[in-house]
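K.L.:
The listed protein sequences correspond, in order, to chains H and S.
Counting from 1, position 395 in the first sequence corresponds to residue 395 in my numbering; the numbering is continuous, with no gaps.
Counting from 1, position 168 in the second sequence corresponds to residue 1168 in my numbering; the numbering is continuous, with no gaps.
For the record, the hints were derived by calculation from the structure and aren't laboratory data.
It is possible that some hints are incorrect.
[Claimed, not checked] With a straight-line cut-off of 20 Å between C-alpha atoms, the simulated EDC-like cross-links for lysine to aspartate or glutamate are:
(1) H:K142 with S:D1196
(2) S:K1032 with H:E843
(3) H:K854 with H:E843
(4) S:K1216 with S:E1182
(5) H:K104 with S:E1269
(6) H:K65 with S:E1315
(7) H:K142 with S:D1070
(8) H:K142 with S:E1199
(9) H:K128 with H:E222
(10) H:K104 with S:D1196
(11) H:K65 with S:E1311
(12) S:K1032 with H:D3
(13) H:K128 with H:D167
(14) H:K104 with S:D1233
(15) H:K104 with S:E1299
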Amino acid sequence: MDDTTRRQITWVLMITAALALIVYAGAQRSLVPNALEELAQGNVAQQVAAIQKLTNRGKVAEALKEQPRWTQMAAVKALLEIGTPEAVQQLAETVPLLDEPVGKWATDALASFGRLAIGPLVECMQNKDEGVRTAAQGPLAKIGATSPEDGAAVIAAVTPLMGAYDDYVRAGVTAVLAPLGAPAAPVAIRVLLQQQPSLDQTSAAFTRAQSCAAETLVAMKEPALEPIIKKLVPSKRENVRATAALILGRMVELLELQAPQVVPPLLQLITDSGWSVRRRAASALGELGEKGQKPEILAALTARLQDIAEVKAAAVKSLGLIASPSSAPALVQTLVANREGAGRELVLALQSIGPAALPAMGPALVAADPEARELATKAVAGMNAPEGMPLLVARLSDSADGVRRVAATALEAQATAGVIDALARALGDSDPVVYSAVQRAFIRLGQVAVAPLIARLSSGDPRVALVVTNALTSIGPPAVPALAEALRSSNAFTRDWAAVGLGELGRPALPATAAVLADTGATGEARAAAADALGRSQLPAAVAPLTAAAGAGSPALRQAALQGLAATRQPEATEALVKGLVDADPAVGMTAMRLLLDWQLGDTDKLLTSAVTSGEETAKRRAAVALAFHESPGTTPLLGALFGTTAAAAGEQRAELASILNSTVTDPAESAEMHRLALIGLAYRGNGESVEVLNSFLTPGNPLAATAARAMGILGGRLARQSDGTGTEAQAAVAKLIQVLEQTSDDGLRLQAATALSLMQGTPALELTKRLNTAEEPLMPWIAAILGAIGKPANEETMRERGREQASKSWAAVSIYLIGDPESMKFLQRLPDSERPEQARVEAAQAVYDRIMKVRAQAFV
Amino acid sequence: MGDGEPSTHAQIAERKRNRPTGISERIRVNRKTLTNIIIVVVLVAVVWGVSALQRSARATGLTKDLQVQDDYQAYRAMRKMNGLGAAAQARAVPLLKAAEPYLRARAAILVGNTGNPRHAPAVLELLQDPDATVRAAAATALGRLGAGAAVQPLTALLQQATQPLEVRTAAARSLALLAAPEAAPVLIALLQAPSDPQEAALRQAATIALGTVKSKEAVEELTALLQPDREPDVVVRTLAAEALAHAAPAEERQGMQVGEALIGAMRDEASEVRIAAVHSLGMVALPAAMGERSRAALEEARNDDEYWVREAAEEALR
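Working from the sequences, and respecting the hints, build out all of it.
P.N.:
As structure tokens, this is what we get:
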């Protein structure tokens, strides 16, 4: 055969194979549509043939998805006709895909195949689809119930699945075996009696099988009782007996009327030698609930209260579930004397018994052991019974914090008006949990609690007062009348805290508080407290009554009203405060001034400036002091803007302000406080003349020397800035301070002068560096320290000084070191060793430097 | 030749002298090809032989697995044997005479799956088996074997009220597959008996079987089964309506009866019956006189509350 022929043959074969594949693929693809067509339109034989084709390829479920009802019916009908076990399996597997009526028909029909359907249905029980499993379980149970032989066949087929890995399979086993009742019970019993895994069974499967067997017996209910009692209960093995107890306990709930049948075996098991059996039996008896209120059951459980912890706890829990009052004394005794491992259960059990247990609670509530008392209190608390309230209230005075906490927490929710007085006493408790809970109890009680709370305001204990006030403010408007009345109390503590409370309450308390303030028949203290309350409210509406009071009544009242106005932090109060400056009473005026020092709301500066420029001298001075404290970058333009004046005119007014301050300071008739405040004012509002004024205070022993020195430092710095550092006034201040520095022997005064110089920025630098050449040695550390404290502005002069005499070079280096900025450090590094600062000198200057910086950090004295 | 020049006489003569003349000469020349063909054939035969041996071995093993008492394990073995084909299934024939009833039943099913009527007589004997499951399996298998000779025994089984339901139901199902008119009287008598919910599956199977019988009596009975007063089981009425789709009414009067009965069933309370009735009305061959009436009824069905009734009506009208 030549090559050409061979090639031709090869091509023919390949093309034939390809065509065959295409035809085969086409046939496969059209299999399902063709089959569906026949199902929908064909007769019985055609439908059966179509389904058979789909069954052979396992495509029935796929084909029936979302098909019309008549196609589904035809498919089910055809599968029924085929009737083989495989057809049964296919039928069960399609049930979830069918419409509900068709699915129901198919499921009902599955049982009609009898024993032939057992194999496929057991296969379906292991399907991952829950619908398939459910479709199989019912018919399987029905087949099992048909006859003893069929039942035995179902049981034999299903039993191996008890150890299946998937819990849904095991659940299916239970669902199939339980309805079979007595015939299936021996199988489950046999599994439970098995001591170890069989040869082809893993340990895990063995455990699962036993669990499944137990569940099956539970689900079986009555038919399983006898086998359990006859076979499991008397078993020699403890774990089997324990399982029997567990199953019996689970069955109690399911058995309803037949529940008493399980009692005798459980009473037998509760005295078992094995503790796990006793525990399970004790737990099981509790499932009886109220039906367990029988003497023999209660006695059996009570006897277990002396058992080991696990059994005891189970017995306690069961006694709680049974909730017989007659078991309360035993439970209480256990709580007091033998509660280890069962404390929580004892509390719950007593709570479950309820108020009927209260008469027996006495010994536990007063036991010597605080833990017992606490548990007993918890039990009473959990009963939520009005009868228990006196017991809880009594516990508020227990010595143990824990007991009091439990009682207070319970009373927070349960307290009634009848125990208010006792609760009020607990407000003074040292434990925050207690008094907070009591506070919340009062809040919950509301209006009835107001009077007792007010009564506690006079306790004198700030903590109590705070708690009471918080409670009253939380109660809200109902507490207002009593609080307003408390303002009139003769007890200052009461008045003060009533004011706090009313202030917190705010708007609802305003009318009543204002009424007290306006009441000319009330005492001054009461009206002052009312003013305090209105101030604390911080409401705009409080301004009017306070303003009225600031203009009438005693000086003390006017002072209190002014303080109240300041406390409101409302701009509307400004006018009244400023007006207070002109009060006839000096104390009132001074109060207004003090309040205005840091008052910047509303048109404060405008009103103060107006007061400065008009009115009598005292008022002017007070206004000037207040205004001086309001120094800000915007003040000068403000002055101009306010009065529509030029900068020159503003300067005149500034000069007038300074002049007033100067005269205030120098007037010996003024008080020490005015002097001090005016001195401080000069720091911000002084002028050149003020330097001399301030200098007059820089004498040893003068109590205002420190203030004056600081003021001069600040003033000097301002004057220097105003004149770009060349002003003579600033230099005059420098000279004065240096004179003090050099001449005084008072170390304190020297320190003040040094500090003042350091506040003047670079202005004193030149003079000080000159002194490095001329000053005496003891002064050198001071000069170096001042230069260091001045900092960077002193750099230039100090470094220039480096070019002069040796002595000054050394101290200049110390100054540079103390300045300490990067430029200074670089400078020092370039110095030869011989010119570097000496350690001793550095230490000396450092000591002074530290003192200066400490004083600088302080406010005005 | 390759260069296109005409051959000389001498060259032609040379070729003639060298051409193979006898068969042995031809074979010698094509030996290589022959060898290749033989090798391929032998290889294919070996592969087929090995796989056949493997199938046979598996079938032997599965036949042993079949003999366990556990129905589930046996079912798994049966499934695998079905997958191996008719030859494997036929290995169950000897088990038709096994001592254990469960083995005989399984064997009957497997033999029925072969579809080979040759095995029918052996299976037929099992209809008299003392075990009900065996009889049910045999009844099921006979329908799949297409054994016409089984019609009478199956009909007899169906008639016997003492037989367990699963046996009678299997007999009814097989009669449907056999489409035997002789069974019609028994089927009709069964359906005319008072309805018992316990026998629901039997009555349903009988209805399906009756639907395969193309006789006047069968059609009349199916028509009567559409009445709720007569047949309370919804599934039976549905199957009766569905069976009428392939009814071949013998005469016009009967055709009218079928048509009217289906139209009446379209007002059944149960939606499944209405769906089947509408679907069948679209398929059944009715007399021309019913044409207008059935069209009107289908139009009305387009407004039914049930979705599938409306869909069936749409399809029928297309």
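K.L.:
Could you run down the list of hints and mark each one as holding or not?
P.N.:
Here is what the structure says about each hint:
Of the pairs offered as hints, the one joining K142 of chain H and D1196 of chain S holds, with about 17 Å between alpha carbons and a cut-off of 20 Å not exceeded. As the CA atoms of K1032 of chain S and E843 of chain H are separated by approximately 117 Å, the hinted pair breaks the 20 Å bound. Between the alpha carbons of K854 of chain H and E843 of chain H the distance comes to roughly 17 Å, so the proposed pair stays at or under 20 Å and holds. As the CA atoms of K1216 of chain S and E1182 of chain S are separated by approximately 13 Å, the hinted pair is consistent with the 20 Å bound.
Proximity of K104 of chain H to E1269 of chain S is assessed by CA-CA distance (about 18 Å); at most 20 Å being required, the pair is judged to hold. Straight-line distance between C-alpha atoms of K65 of chain H and E1315 of chain S comes to about 19 Å, which keeps the hinted pair within the 20 Å bound. As the CA atoms of K142 of chain H and D1070 of chain S are separated by approximately 18 Å, the hinted pair is consistent with the 20 Å bound. With a C-alpha separation of about 14 Å, the suggested pairing of K142 of chain H with E1199 of chain S holds against the 20 Å cut-off.
Restraint check: the Cα-Cα separation between K128 of chain H and E222 of chain H comes to about 32 Å, which exceeds 20 Å; the hinted pair is violated. At most 20 Å may separate the alpha-carbon atoms for a hinted pair to count; K104 of chain H and D1196 of chain S meet this at roughly 18 Å. In summary, the hint linking K65 of chain H to E1311 of chain S is supported, as the alpha carbons are separated by about 17 Å, within the 20 Å threshold. Annotation: proposed proximity of K1032 of chain S to D3 of chain H holds, straight-line Cα distance about 13 Å (limit 20 Å).
A hinted pair counts as satisfied when its Cα atoms are at most 20 Å apart, and K128 of chain H with D167 of chain H qualifies at roughly 11 Å. Distance restraint check for K104 of chain H and D1233 of chain S: the Cα-Cα separation of roughly 13 Å lies within the 20 Å cut-off, and the hinted pair is therefore satisfied. A threshold of 20 Å between alpha carbons decides the hint, and for K104 of chain H with E1299 of chain S the separation of about 30 Å lies outside it, so the pair is violated.
Hint violations for this structure: numbers 2, 9, 15, all remaining hints satisfied.
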